[in-house]
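**Student:** First to last, the sequence lines map onto chains A and B.
Residues in the first sequence are numbered from 1 upward in steps of one, following the numbering used here.
Residues in the second sequence are numbered from 1029 upward in steps of one, following the numbering used here.
Check each hint, because a few of them may be wrong.
What the hints assert, rightly or not - Simulated pairs of lysine-lysine, DSSO-like, Cα-Cα distance not exceeding 30 angstroms:
| hint | chain 1 | residue 1 | chain 2 | residue 2 |
| --- | --- | --- | --- | --- |
| 1 | B | Lys-1249 | A | Lys-188 |
| 2 | A | Lys-994 | B | Lys-1050 |
| 3 | A | Lys-404 | A | Lys-123 |
| 4 | B | Lys-1050 | A | Lys-156 |
| 5 | A | Lys-156 | B | Lys-1113 |
| 6 | A | Lys-513 | A | Lys-540 |
| 7 | A | Lys-455 | A | Lys-404 |
| 8 | A | Lys-247 | B | Lys-1196 |
| 9 | A | Lys-290 | B | Lys-1113 |
| 10 | B | Lys-1164 | A | Lys-156 |
| 11 | A | Lys-288 | B | Lys-1238 |
| 12 | A | Lys-513 | A | Lys-559 |
| 13 | B | Lys-1249 | A | Lys-970 |
| 14 | A | Lys-880 | A | Lys-912 |
Said to hold, decoys possible - Derived contacts from chain A toward chain B, CB cut-off under 10 angstroms, selection only:
| hint | residue |
| --- | --- |
| 15 | Leu-241 |
| 16 | Ser-251 |
| 17 | Ile-258 |
| 18 | Ile-261 |
| 19 | Ser-262 |
| 20 | Glu-517 |
| 21 | Leu-918 |
| 22 | Lys-919 |
| 23 | His-921 |
| 24 | Asn-924 |
Keep in mind that the hints were calculated from the coordinates and are not lab data.
A quick note: this is a predicted structure, and the numbers were derived from the prediction, not measured.
The C-beta atom is built at its ideal place from N, Cα and C for all residues, glycine as well.
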Amino acid sequence: MADNLTNTPNKNKKVTLTNYIGRSFGWFLVTIVVLLTVLIVLGVVYLMYRNEAMLITLAVLLPTLIVISLLYIFYSYRSMYKIFYSTLYEKTLSNYEALRTQKRTLEKYELDQIEDFDILNDKINLIQRNFDNIQIYSSKTNYDKVPLDYINKSKKTITEKSFKDCIREIIYCAQSYRNAIISLTFEKGADITTTSINDVCNAIHEIFKERGLLIALGESNDTIMIFSPNIDSISYLREQLEALFTKSTISVKTISGIDLISPKINAVIYPYTSIEEIYSDLLYSATKNKDVNIYIPKRYNGSSNESLLQNTMDINNISKILSNVANLHETSIDFNSQIVKAEEVLKEYAAYLNVEEGGIAFFDREKKHVTTRVAFNLNNKEKTSFIPGTQFNSKIIEKLDEVKDMDCTYLFSSRASLNNELGKTLDLYGINSGFFYYIKNLDDTCLGIVYLINKGNKTFEYNSYIKESLLVMSITIGYYLKIGNVHNQLDEMKVRENNVMKLANIASYTIDKTNYEIVDFTDNLKEEMPNIERGVKCYKSLFKYTAPCPECPLITKNKIIKQFSKTFKGEVSYSINTKMSNYIELIVRGIENKDESRNRFDSDLLVYSYYSFVERLKNLYASESKGYIQLLSIDNIKDMIQAYGNEGFAFYIRCFASEVVTKIPQISDIYLYKDDTLAFIFPESGKLDIINVLEKVYEFSKKDYLRDGNDVRLCIGYETVKYPQEFTRPTDLIRHLEKCISERDYNVFKTDYIHIEENDFYRPVSRKEYILSIIEQAHKNNNFIIKCQPVVKGSTKAIFGGEILIRLSDDYANTLLNTEELIRVAGENNKLNTISDLVLNYTANLFTQFGASIFKSYGFERISINADYNYFTQEDFFNKVESIIKTHNMPKNFLAFEISEQNLASNYENFKEVSEQLKKHDVNIICDQYTGEHLSLDKVRQLNIKEIKTQRDFVRDIDVQSEKYENLKKLMDFAKEQGVTVTLLGVENGQQYKLVSSYDKNINMQGYYFHHALDVNELLEAIRKSNN
Amino acid sequence: MILLVGNNHDDVLYIETRMTDKKEEYVYKKYKVVIGNIASQTVVLLENVYTNIISSTLVSYIIEKYYILFVIKIGKCLTASKTIKNGDITISKKVIASDVDVTDLQGTKLGQIPGFDLSFDPSYELINSTLNSFTKFSFATIHECTVVSSNVHHHTMEKLEELLHDGKILTEEINNVVFDSEAYGVGVACSMHDIPFITINVVLNHIGEKFAVNNYVRVLKQYNIVGKAVSNLISELGSNEVLRD
């Protein structure tokens, strides 16, 4: 009966709470009464007849009665606990807390087979519905309604405790853009008098003159907290804090006399620091051990839980909503990456407002129409109303142009308030409410659209603050994209101008006629005259004169012919200039020598010709240069021409060459060696540099330049030949190059492979393919290098655990591959199984072999594996972990995964689930490379993580820089306060060990001072030695 | 009585803490004066004194009101010297003004006020006694410098360019000069009343450097030494010994 609460709820059999309790006790009493009656009757009968059978029955019945009573008591207790504690008390408490902290979401009572809870849930529904439409904001900074505990009657100072308790309400009271929370901490234990503290408080009031300033004093007088409700600029805040520093020195009496002490001032700023993390960020800031420090953390953004209006009623702080807009300040070379950046901001904004969909459409100059560039749906990633890459509905644009406001926005809070004509089109998409921003071109045509939309019945109703923020956000995105677009166009124009000039064999440079300094010049002149520089006198830079050329056109008013370099002769004139300007553009028209009738440029592909290549080689030989020649044989030229036609192919190569030259600084010239072969020259370069460059070239060779739906891309064989080798003349070298091309073995030197002729080395040019090939190879040959980096206990130096390190070496570069890159590439290409299986099996085998014999008896308690989020996305990963733990009978918490702080931060929400899953199997997560920049310790703990491994920087140089030692100590204290265990990485010498262990004996450490990464035998030996 | 003059509160904080039987007064309703005892000597503390104009007015007033034996000005200074660095303690061997130019009056030199000498020189005995006091508390070199004083805070050397010649400023070696903005006013007032004075400055910055909290921290540390040395000086010279040349 009492247990029926755990059964599936049945709506037809609902009871009231009184009935339920009454019935429970009723049944209990009835049973007890019946049993007691039977017992008494039997007792009486026994006393009367002294029957042994009666005695036995009594002996059985008595314990039965006791057991039944106990069972009833237990079940009744359980059921009452569930009703009154788990449901009534806990849910009510949580709802009260939600109301206090102005959270929007209230929890419902779960026992729905009891009628009274339905009534309570109905009331919660009513409150919830009110909240959905409510927006709370205060009119001025007034703390009257905040339960602050004032120390004096003048209401100038409050207690630190009430400040801490009410920080949320205090911040909500402040209407301004940003608020600072500042702590002044004097040395602990210093004998600070109230007079001194009052002096400091007066100084605070003198410096922070704004209204609403709150000062909180700690009980021990060594901490003063300040809430400054308004920050105009962070730099001004810094100035204020520095001024405060110079006015807050106090004198304390010590055994040795009088000491002047000044406080450490730390500040955090809301909303850059969230309310929950203010204190932990202040504490973290203190670990930096600076006298004045403003800490602005680099937190992760974009979590779905950040839906501000969904979770909280606090909408006063528009700055929080707009905080990411500030990221749109740098334009990038690649316009698409700018669009992606703008999308991130828009997405973040949409998440705050809990808007369903959003996106950006922008004019495509090639397709000549506005195209949806990015679109997102926060609820269902795959379903967006407007499909990226397709034309944005022109009817919407047309109608928006007509109906938009003067500020180019159009907002419709619901379908009812939508323009009829526009409504017809939007109905096709099922859009119910939304916001459009029309990005206007200079000629008033549409350059793009920024939109946020809701479907279904969802409305778009926000107060004026939010509406203003919408405008700010969209205008910023609009201008950001406009500027990016203009930059892009200018870059293209510059490239085009350069190409036209190359074709016309014209170059130009601009000088200031007052002082002959070079102001600007074209790229092709730079190619001829590498020493040309802005700000240098033209006669000096171009002709090595010490005074202006006597025949200078500016002096003689006549054109002149000058030999600029050995190969370039030009006619210089200034005819296209206006007389008004001080800057004169001099045009250099190339004159070809009669004996050099061959064209130096290929006019089809806009690259240097073969003759230029030969000339360049001659020059390099003359200067006794050493380096490499890189030949790029296009293996699929026939396919390319078939797919794109002759002109299309030429265009493709032009784009490819232009991208390579503009975006890879190491490549300045591209030569057309022959019809299907391009060439670069890398003078004074090393092989590894060239490989790095070719990895980038490969990326450009696979780019879709024509965007005509054709997926044929350049397939290239990359032949790298050293020069001069034994070839004494350029002609000999060229003959050798010919041989290299003609004798290519396609079975080994495949397409998209690099061949370095010098040592006959082949590898895929794509970095990804290369890493995959290394993984394959290592898997095949089983030559993964697995080592274990011991973690020792600070007190005894005994090894208590180890970190498994998987290493793969790039034999050619003679380096180890970066583990993070290795895991990322493996993860992206479904090869992670290979690695994780290997590491897990290795760990399991290690445990099977030595678990009982060595690990247990010598106190080796843990093995940790480096991983990232990709690891946990593998199918059956958790089952695999479970099976390994069970099969090998591993003790609890023997296995742990180390995830970097950055990876944890960028997948924070996902890791909550991962952490839950691992917890089930008693596997821990360790936050690796912890800096505190991305995750506060609070957040780390929220992921159930109880251990951090600090970044090496924390320990580095603590033995030579006292400040670094102080920082480390503070971090250790701070972690201790938060209940997080710290393992210090990078302890490299005895002095560092002494310093750390003298401060905290129980800290765990890892580093070369104790052990290098060890293989199994070395590890066992080390355990035996150190753990005895 | 001994008068101590400081810029901000930190300059005289140490001395104030050492004082007993303190009482406060206000001069011209604006400037707080703390009067108390150190080693049985009465000390008058004056703080928040900025510029030569204010220092000369206030010091004159205090000298006229009380019987002052000598004046010590404590504060921060700037330098352009290569040999003097942040946190170094300097005492004045000479005080000259850099913003006084009445050379159109016959016979008046650049930096000279008619009727006064070109520079004000602290008493030789006071310098010696101060140096002796410092040697009891610090092994560091105490620089004896010329204080170039003006009502202008010199953030850059540009404003001083007119006074610079051949590595010297107003004929004083630039490497042996510090800059402040109150010493000259103290000098004028003391000269008018024929009272010895000395200035003790701690170097905050080099001219042209921005304010840095670390530099200020170094100055504060030195104020402990300055405070101890000045207390010692007061106890030793506070009796009515003759300090005047």
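**Student:** Next step is simple, just say for each hint if it's right about the structure.
**Tutor:** To see whether the hints hold, each was checked on the structure:
no.	hint	result
1	B/Lys-1249 - A/Lys-188	18 angstroms, holds
2	A/Lys-994 - B/Lys-1050	49 angstroms, violated
3	A/Lys-404 - A/Lys-123	42 angstroms, violated
4	B/Lys-1050 - A/Lys-156	27 angstroms, holds
5	A/Lys-156 - B/Lys-1113	41 angstroms, violated
6	A/Lys-513 - A/Lys-540	15 angstroms, holds
7	A/Lys-455 - A/Lys-404	21 angstroms, holds
8	A/Lys-247 - B/Lys-1196	35 angstroms, violated
9	A/Lys-290 - B/Lys-1113	22 angstroms, holds
10	B/Lys-1164 - A/Lys-156	45 angstroms, violated
11	A/Lys-288 - B/Lys-1238	22 angstroms, holds
12	A/Lys-513 - A/Lys-559	16 angstroms, holds
13	B/Lys-1249 - A/Lys-970	23 angstroms, holds
14	A/Lys-880 - A/Lys-912	20 angstroms, holds
15	Leu-241	9 angstroms, holds
16	Ser-251	4 angstroms, holds
17	Ile-258	5 angstroms, holds
18	Ile-261	8 angstroms, holds
19	Ser-262	6 angstroms, holds
20	Glu-517	26 angstroms, violated
21	Leu-918	45 angstroms, violated
22	Lys-919	45 angstroms, violated
23	His-921	50 angstroms, violated
24	Asn-924	41 angstroms, violated
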